[in-house]
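> Protein chains in written order, with this note's numbering: chain A, 1 to 284; chain B, 1 to 284.
Please note: incorrect hints may appear among the correct ones.
Unchecked claim - Calculated cross-link-like contacts (lysine to aspartate or glutamate; reagent style EDC-like; alpha-carbon spacing at most 20 Å):
id, chain 1, residue 1, chain 2, residue 2
1, A, Lys265, B, Glu184
2, B, Lys19, B, Asp57
3, B, Lys278, A, Glu151
4, B, Lys264, A, Asp34
5, A, Lys158, B, Asp34
6, A, Lys162, A, Asp15
7, B, Lys265, A, Glu151
8, A, Lys278, B, Asp34
9, B, Lys158, A, Asp15
10, A, Lys265, A, Asp90
11, A, Lys264, B, Asp34
12, B, Lys162, B, Glu183
13, B, Lys278, B, Glu181
Claimed, not checked - Pulled a few chain A residues facing chain B out of the computed Cβ check, cut under 10 Å:
id, residue
14, Pro29
15, Arg40
16, Val65
17, Pro88
18, Asp90
19, Ser93
20, Phe104
21, Val153
22, Gly192
23, Ala223
24, Ala243
25, Glu250
26, Arg254
27, Ile260
28, Tyr271
29, Tyr280
Calculated from the structure, these hints are not laboratory results.
Heads up, the beta-carbon is just placed ideally off N, CA and C, and yes, glycines get one too.
2 protein chains.
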Amino acid sequence: MNSLMRYSTEGRGMDFNGKAVEGVVSVQPIVRFDSSGGFRSTMDDCVREHPLLVQLDGVPIVRVVLSPYRLEEFVVGFLVNEGFIEGPGDIRSIEVSGGTASVFCSPSRSLVAPGNETAVLESTGATRLEPRPKTLKKPGALRPGPLVTSEVVFRCMKSLDKMPIHRRTGGTHCAVLFTAEGEEVFGCEDIGRHNAVDKTVGGAIRAGAELKHSWLAVAGRLAADMVRKPAASGIPLIASLAAATYDGVELGRRSGLTVIGHCKKGSFNCYCHPERIKDYRPVA
Amino acid sequence: MNSLMRYSTEGRGMDFNGKAVEGVVSVQPIVRFDSSGGFRSTMDDCVREHPLLVQLDGVPIVRVVLSPYRLEEFVVGFLVNEGFIEGPGDIRSIEVSGGTASVFCSPSRSLVAPGNETAVLESTGATRLEPRPKTLKKPGALRPGPLVTSEVVFRCMKSLDKMPIHRRTGGTHCAVLFTAEGEEVFGCEDIGRHNAVDKTVGGAIRAGAELKHSWLAVAGRLAADMVRKPAASGIPLIASLAAATYDGVELGRRSGLTVIGHCKKGSFNCYCHPERIKDYRPVA
């Protein structure tokens, strides 16, 4: 999509929460082909990629390429979702400068254990760096009992449509945290679906949200690496417009997490732990 | 999607090229909710994830999680697309066993250079392991001059729809290599979009295809890490149903690669090097 107006607002845009962001989108000169009108030189809004190395207590723990906004939120959410820290209270300082984020933890904690291996498995093509956290948090701190109605799930999933950066560029994923009643807590877009979840969780806990009373809505597939994040950070339910993988479902079942997918047009699949859907009535 | 018939064919399916594959899909028991009919216990076909460690001459070079079929094709394509080898002729042996692929190269070559860092940047959340190839191949072996017509591009992109594993599970990406005339050379589906490209290129070159006369069609976004693969392996054009990122376009422009995106409903964006589209006529 193109317009001179947008060209003049190079790099600026609005994020999921209606705040202005800079540097996330830039224009590229392109040739647009239309079978009725031929070739036309014009401009196109494209999302930007930004490399970031995260160091925890001086040790590099991950390199990612992400959308260049909400970088502190990303760092906090990544550390919580991957089990490096319990929450923002474990962090003494964060400094993001250029392509490096330096995080120092409370002196009483020594969270990073350098490993023998150089990377850890993720799904869908990704690897993560060692070192791993010394004590990986066990999934299972998930709050039991009913959480949301199917009506709340459908209503909230619809609001994933707004995605202002995706509408301009077609280039982002998103993740949104909701309360049990369906109020939006925090949402983010990012070129990476994992990054969107990390930013959203980081932003929400910095704003004081209680993850155990919340649930996470995403647009992308629920592979094991996506299901692991809410299970580790204590969010009891994840729902997606897309499908779950076999391994994502297995991880959800073992972790006690409710996993919902294929959520569209008045129907969804609940892959495991449907007891958190308030109107669920078991039928053989 | 569910049926007893599919439940009885656990794990089996057809791949993009019409061949039977095993172990790629498994069923999960789910609760399907429909707002008109309530909750119903049933079965759902889900894609499986499989971890694979690739070792080159005894050195671990990448860990991925992928769809468990065409693993040798993945390994060959990955090594070519990432610049570790020139082609299958550099490989003395490949053995894939369980979660490990061991590749040995011709004794005259020593391709792997252990690096100081433990991982390399990818986009959209991924990292790759060191070591890197000693001599990264320079992009730029791309054949200049006209390659395809816009009609061929549209016709071929339509055939991305078939994706038999995606139709069953909703859980895969795909990549297909075509000749300049629009004949299908090789196609693959995978839970990872990078993996699909690596498998497709590996399968095509093992079948003797000439990459420099071919072009690559994908469904997913063209971030820099996706654009790098055809540029490195000598495929002169990549086209996608989805958008390119700013950084993907920059890399394509520098590499001499033609990058096409947003290809649907009779129009597309050519982000750079439109001169390979036979019917291209420059207009101011």
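> Decide if the proposed pair is consistent with the structure: Lys278 (chain A) and Asp34 (chain B), CA atoms, cutoff 20 Å inclusive.
holds (15 Å)
> Identify whether the interface hint at Arg254 (chain A) stands, where standing means a beta carbon of chain B within less than 10 Å of its own.
Given a least distance of 13 Å, the restraint on Arg254 (chain A) is violated.
> Less than 10 Å between beta-carbons is the criterion; does Val153 (chain A) satisfy it with respect to chain B?
Hint on Val153 (chain A): holds, closest Cβ of chain B at ~9 Å, below 10 Å.
> Tell me if the straight-line CA distance from Lys264 (chain B) to Asp34 (chain A) falls inside 20 Å.
It holds: about 10 Å lies between the C-alpha atoms, which stays within 20 Å.
> May I ask you to test the interface hint for Asp90 (chain A) with respect to chain B, counting a Cβ-Cβ separation under 10 Å as satisfied?
Because about 23 Å separates Asp90 (chain A) from the closest Cβ in chain B, which is outside the 10 Å limit, the hint is violated.
> Check whether the Cα positions of Lys162 (chain B) and Glu183 (chain B) lie no farther apart than 20 Å.
It holds: about 15 Å lies between the C-alpha atoms, which stays within 20 Å.
> Regarding the hint that Gly192 (chain A) lies at the interface with chain B, is the smallest CB-CB distance below 10 Å?
At 3 Å from the nearest chain B Cβ, Gly192 (chain A) passes the 10 Å test, so the hint holds.
> Would you settle whether the hint for Ser93 (chain A) is holds or violated, based on the nearest Cβ-Cβ distance to chain B being less than 10 Å?
Since the shortest Cβ distance to chain B is 24 Å, the answer is violated.
> For the restraint on Val65 (chain A), tell me whether the closest CB of chain B is nearer than 10 Å.
holds (4 Å)
> Grab the minimum C-beta distance from Arg40 (chain A) to chain B and call the hint holds if it beats 10 Å, violated otherwise.
holds (6 Å)
> Does Ile260 (chain A) pass the interface hint, meaning its C-beta sits closer than 10 Å to a C-beta of chain B?
Interface hint status for Ile260 (chain A): holds (9 Å vs cutoff 10 Å).
> Within 20 Å, alpha carbon to alpha carbon, are Lys158 (chain B) and Asp15 (chain A)?
Distance ~33 Å between Lys158 (chain B) and Asp15 (chain A) Cα, so the pair is violated.
Checked against the numbered hints given earlier, this structure breaks hints 1, 2, 3, 7, 9, 10, 17, 18, 19, 20, 26; the rest are met.
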